[in-house]
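Undergrad: In order, the protein sequence lines correspond to chains V and C.
Per our numbering, residue 1490 is the first one in the first sequence, and the count goes up by one each step.
Per our numbering, residue 3 is the first one in the second sequence, and the count goes up by one each step.
If you are wondering where the hints come from, they were derived from the structure by calculation, not from laboratory data.
Take these hints with a grain of salt, some might be off.
Footprint (simulated), chain V over chain C, 3 or more residues, beta carbon under 8 Å [what the hints assert, rightly or not]:
| # | segment |
| --- | --- |
| 1 | 49-56 |
| 2 | 94-106 |
| 3 | 177-185 |
On a predicted model such as this, the values are computed, not experimentally measured, just so you know.
All C-beta atoms, glycine included, are put in the ideal place defined by N, C-alpha and C.
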Amino acid sequence: MTGGPRRTRWPLAATALTALLLWLVGYPLLITLIEALRSPSGGFSLETFSTFAQRGEEWLALWRSLWLSLASVVAAAVLGVPLAFLFARRDFPGRRLLTALLTLPVSLPPLVGVLAFLFLYGESGLITRLVGGFLGMSEAPWRLQGWPAILLVHAYSMYVYFFLFARAALLATDPSQREAAASLGAGRWRILREVTLPALRPALLGAGLLTFLTSMASFSAPYLFGGSFRVMTTQIVASKLNGNLRLAMVESVALAAVAFFALVVSRRWGGGSVVAVSHGVAAYTAPPLTGFGRWVVPAMAWGFAFVLLLPHAVLIVLSLVPTATWTVELFPPVLDLSNYRTFFTDARRLAPVVSSAWMATLASAAALVLGFLAANLGRRQRGRWRGLLEGMVVLPWAIPGTVFAVALAVTFSVDQPWAGRFLLIGTTWILPLAYLLRTLPLTGRAAIAGLAQLDPAQEEAAAALGAGRWRSLWRVTLPQVRPALAAGLALAFITSLGDFVTSIILYTYENRPIAIEIYSNLRLQEIGLAAVYGVLLMLLSTVVLFTWGEGRKAGAI
Amino acid sequence: MTDLLTIDSIDKSFGAHRVLEQVSLRVPEGEVLALLGPSGSGKTTLLRLLAGFERADGGRIEIAGEDVTSLAPAKRGVGMVFQHYALFPHLDVGKNVAFGLSSLGFCGDQIAARVAEVLALVDLVGFERRAVGELSGGQQQRVAVARALAPRPRLLLLDEPLSNLDPMLRERTRRALRTLVREVGITTVLVTHEQQEAFDLGDRIALLYEGRLQQVGPPDLLYEKPVNRFVATFVGRPNFLRGEWVATEDGEGVRLTRFEGAPVWPGERNGPALDLVGGAELMLRPEALQFVSAGDPLAVAGRVVERAYGGGISHFRVSLPERDGEAVEVEVLDRSSVAAEGDAVFVAPQLQGPRGRIWGTRTGASE
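Given the sequences, and given the hints that come with them, work out the whole structure.
TA: Here you go:
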């Protein structure tokens, strides 16, 4: 009759946590906005904003970010939704294995994916050479650059959101609804249009929002493939690297505003929920494919999986090619382990791996603790406080990593302990902090979702049996939300481990992470070593995601 | 017998909504009290107040003489069986049952022995290693009962303990539960919205409506001597007949005005102080009415509009033309088809058995 264990008290711990989260998440953004409104001489002015507004390239970058993100949503949906229908509604040999393979792009850190695409379809990429050789052309048949290249990478990595969300929603819909519609005389198209698609709406909106926000925040692909095609994230980094921090701040504010606006609009439309799940669904056995389709569909699905796995394969191949041995040949003439030997014997090569490992471990563990505490305290509070706690945890999800990196660079570039600002730029601590902020929504959303599934009577039962708060938390709550927390932790860990977008703005040479090392190797034409790092990240990410995170579950967050 | 549980003037509101108003109850040691009421009556809130999941706005709760009004649930020594059982899905049956024991600081052997003991009590010997997910609904319910009983609580709380079971199983589980609770002899408060469940399990019933206690007493008291219209309606099926209160030689009754000859049907007031100014109302159970011949002094003419054969006892709906077609329900032994639909009959009250109840027509449900 009444809800769960609602406590109207607002204990000290919750106050402290809210303050900490406000300082971590909200404060840097606020400082950035304030600093952006400041003129170089000190007073408040809209000077930088008007500079921004008068420069055509700024508007162009913003416009490109916007349409490229929308195009990414369309491309990802076109690829992901039909696959979801196929995998949810039809049975064929290898369906389970293929489902797992199809989610693999999620586990590839963005920069590694871009690297693999470069090795495959770049000017001297494997596929480019093969096609060129086949056609007898002396030059590459295409150039992997500009918006088509970015869109290709986005579609490759983001169709997974649509595939997973739509598939989950399809599996959760009651098949008897479709049967009811059919018995009422509705044809296939009418059922699709009026029964199935409305049920899919929340999932599609959720996947669309996630794709849109990820594209808006995408940095690796535009940075490496964009060239003169600047989007907002690369524009911000360019301003920052040019030393125009104030302009970078204004650009960050603009990008954050657009992303935040998208979030609000999609919530209005009723989307944005993770995955719509209904209860008590009758078991549905997917009918096997028949006739011609029995052979063609699996063949096409396997072919698609092959294309999806090419990036992973090419990374491994390239990591086996010794430096400067592959010039004009179609296939690399020499394959050996010399890159790995260099990597393992040179302490300087191992340093980035050690840095990334400890920073990712620290950041994701802290994000897990903070995310869980906020979710756990938040659900015991009423409206406003709960909104504040959970909002601070989830907010970084909508804010592009580049924006947070700039915000941290601005906030922690001065030593003003009385104002909650410390000199962290140039120290090893700024990157773990950035990773923590970026991954907080991943662990936080996982914790919120996990706790929401928990029957409040569980904790009451523990209390009635004499268990105190800690015993109840330890013995009853945590064991049951552990799968959700592990999935969130896995995502947080691999996101931190492969981070490029915040690292490029905030890293110091002493604790340069793997992604930075990949990028500098690439610029030094050390292709083989870049590939070795890529393979390492790929393996670590895949293993972590599929062991802790149960893969698909984590991907759906 | 001493009171194990004392509830004294409890008030509870959720925001502006008053859920419980001045509720006072005493439950003697060893008694099973059923909190009965429709949904929204406040019965679940009262149970949650006893368990400590909610705090009262005012009033006092004592268990075995100890004031527990603001004591944490974990410290009350109260066992609770939840509506959906709230078994811990990640623990097996044995660990679920042992959960409350390790809170008490029992050691390994003692725990195992007690777990085996309570599992035997609920007829689940050897179920220790089973996962709770693979049990049937009835078995889960028994594990929940065993888990609540294991730490030997002073008071057992049952929240709609049978509502999650299918009807066939419910019947059987109800009997088993009754036997078990009596056997253990534990003071028990259970919440239910089903009269049959309350009648079967409860030594006494506390009927709640809109946050107020309407009547407390053994089942037959509530059935035979309901204090108001609400109790009469919620417990059993009532006939209400309006009229005028009169004193008779052997007591009192209600004159069924508007009738030719206006017979006086006997009844009894709950208390002498009832306000009868606006007219009186006589409440008669269907089985307190009978079919009589035309010459009976109390006879009222009617016509059978509905007959539902119930195997032995049949249920009739009889409209009374002289009371503008007002209908009464009559339940009689129906061995040789007493009356058929459409038959003209005469109805009168039985003179043996409990008398009808009389109260003022102004007496609201929340008296």
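Undergrad: Taking the hints in turn, state whether each one holds.
TA: Verification of the hints:
Under a criterion of three residues with beta carbons nearer than 8 Å to beta carbons of chain V, the stated coverage of the segment 49-56 of chain C is upheld, 5 such residues being counted. Counting residues of the segment 94-106 of chain C whose CB lies closer than 8 Å to any CB of chain V gives 4, which reaches the minimum of 3, so the coverage claim holds. Coverage of the segment 177-185 of chain C by chain V is violated. Counting CB-CB distances below 8 Å, 0 residues qualify, and the rule asks for three or more.
When each numbered hint is compared with the structure, a violation occurs for hint 3 only.
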